[in-house]
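Heads up: the protein sequence lines correspond to chains A and B, in order. The working numbering puts the first residue of the first sequence at 1, with every later residue one more than the last. The working numbering puts the first residue of the second sequence at 1001, with every later residue one more than the last.
Check each hint, because a few of them may be wrong.
[Said to hold, decoys possible] With the Cβ distance kept under 10 Å, some of the chain A side facing chain B (calculated, not the full set):
#	residue
1	Ile-7
2	Ser-24
3	Tyr-31
4	Phe-36
5	Gly-41
6	Gly-43
7	Thr-45
8	Ser-46
9	Leu-49
10	Arg-55
11	Ser-85
12	Leu-89
13	Tyr-98
14	Lys-99
15	Tyr-100
16	Thr-104
[Claimed, not checked] Computed Cβ-Cβ distance ranges for the label pairs, DEER-style:
#	chain 1	residue 1	chain 2	residue 2	range
17	B	Pro-1061	A	Asp-39	26 to 36 Å
18	B	Asn-1084	A	Asn-22	24 to 34 Å
19	A	Asp-39	B	Tyr-1050	23 to 33 Å
20	A	Gln-51	B	Thr-1112	31 to 41 Å
21	B	Ser-1008	A	Thr-5	28 to 38 Å
22	B	Gly-1016	A	Asn-63	30 to 40 Å
23	B	Gly-1016	A	Ala-78	45 to 55 Å
Hints listed in this document are in silico derivations from the structure and should not be mistaken for laboratory results. Glycine is no exception: its CB is placed at the ideal position from the N, C-alpha and C atoms.
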Amino acid sequence: KQEVTQIPAALSVPEGENLVLNCSFTDSAIYNLQWFRQDPGKGLTSLLLIQSSQREQTSGRLNASLDKSSGRSTLYIAASQPGDSATYLCAVKPSGTYKYIFGTGTRLKVLA
Amino acid sequence: DVKVTQSSRYLVKRTGEKVFLECVQDMDHENMFWYRQDPGLGLRLIYFSYDVKMKEKGDIPEGYSVSREKKERFSLILESASTNQTSMYLCASTHPVAGHNEQFFGPGTRLTVL
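Excised from the complex, chain A in its bound form (with noise of 0.2 Å):
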């Protein structure tokens, strides 16, 4: 069974920090790999999506990394302002399945 885990669960950082978000799978069979951002009490905004076959997608100041073999995934903030602060969470989809098994999230606050 497919279990996805973010570690740690909160995290504040400074502004100007580059930081590292991390989502763990326990499947490699999967099809993709999404990263959403949350803000309180509102829908999920899609960030990247990264295919199996992929190894990184890159949007701006994001960059998301997949190492399926370690079962990985790495969300990479640059230069992290306050605007940042925010839930992430990650999404599996498991091959040969319509399912998207998600993360509990990190919740990042970004001091000024």
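Use these hints to put chain B onto chain A, whose structure you have.
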């Protein structure tokens, strides 16, 4: 850009009421999902639909039903609302081919059952 809209941002209902939550997407996506999100439990799949009039139970379908009469609209129905259904409800849609199964979410509906 894909847009997924939900009928209400906040909803307060009484125990035993029938509740309808509606979700509409404007990008001709085939797949639509209903999740609920609770602190400490993350997102849990309630129901999934892969085509008009087609549905599959997710992980927690008890107490819920769904309707998909048109491709763009997916409704979640609470037949008799109970206090343990107080939660944030999130709708999502994907296109399995053109969209590479990227999920797009609506803004969520915060439902409180009194």
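For each hint, the structure was consulted:
1. About 14 Å separates the beta-carbon of Ile-7(A) from the nearest beta-carbon of chain B, more than 10 Å, and the hint is not met.
2. Annotation: interface hint on Ser-24(A) violated; nearest CB of chain B at approximately 15 Å, more than 10 Å.
3. Interface hint status for Tyr-31(A): upheld, as the beta-carbon distance to the closest one in chain B is roughly 6 Å, under 10 Å.
4. Checking Phe-36(A) against chain B: minimum C-beta separation of about 8 Å stays under 10 Å; hint holds.
5. Below 10 Å, beta-carbon pairs count as interface contacts, and Gly-41(A) has one with chain B at about 7 Å; its hint therefore holds.
6. The beta carbon of Gly-43(A) comes within 4 Å of a beta carbon in chain B, closer than 10 Å, and the hint placing it at the interface holds.
7. Hint status for Thr-45(A): holds, given a least beta-carbon distance of 7 Å to chain B, under 10 Å.
8. The beta carbon of Ser-46(A) comes within 6 Å of a beta carbon in chain B, closer than 10 Å, and the hint placing it at the interface holds.
9. Evaluation of the Leu-49(A) hint against chain B yields a held restraint, the C-beta minimum of about 5 Å falling below 10 Å.
10. This hint is violated: Arg-55(A) has a C-beta 16 Å from the nearest C-beta of chain B, more than the 10 Å allowed.
11. For Ser-85(A), the interface hint is violated, since its Cβ never comes within 10 Å of a Cβ in chain B; the closest pair sits about 18 Å apart.
12. About 8 Å separates the beta-carbon of Leu-89(A) from the nearest beta-carbon of chain B, less than 10 Å, and the hint is met.
13. With its C-beta approaching chain B no nearer than about 6 Å, Tyr-98(A) sits inside the 10 Å limit, and its interface hint holds.
14. At about 6 Å, the closest approach between the beta carbon of Lys-99(A) and any beta carbon in chain B falls short of 10 Å, and the interface hint on this residue holds.
15. Checking Tyr-100(A) against chain B by beta carbon gives a least distance of about 6 Å; that is within 10 Å, so the hint holds.
16. For Thr-104(A), the interface hint holds, the least distance from its beta-carbon to any beta-carbon of chain B being 4 Å, beneath 10 Å.
17. At roughly 28 Å, the beta-carbon separation of Pro-1061(B) and Asp-39(A) lies within the given 26 to 36 Å, and the hint holds.
18. At roughly 32 Å, the beta-carbon separation of Asn-1084(B) and Asn-22(A) lies within the given 24 to 34 Å, and the hint holds.
19. A C-beta distance of roughly 29 Å is found between Asp-39(A) and Tyr-1050(B), which places it inside the suggested range of 23 to 33 Å.
20. The hinted window of 31 to 41 Å between Gln-51(A) and Thr-1112(B) holds, with their beta carbons roughly 39 Å apart.
21. Range check, Ser-1008(B) to Thr-5(A): about 33 Å between beta-carbon atoms, so the 28 to 38 Å window is met.
22. At about 50 Å, the beta-carbon gap between Gly-1016(B) and Asn-63(A) misses the expected band of 30 to 40 Å.
23. Remark: the range hint 45 to 55 Å for Gly-1016(B) to Ala-78(A) is upheld by a beta-carbon distance near 52 Å.
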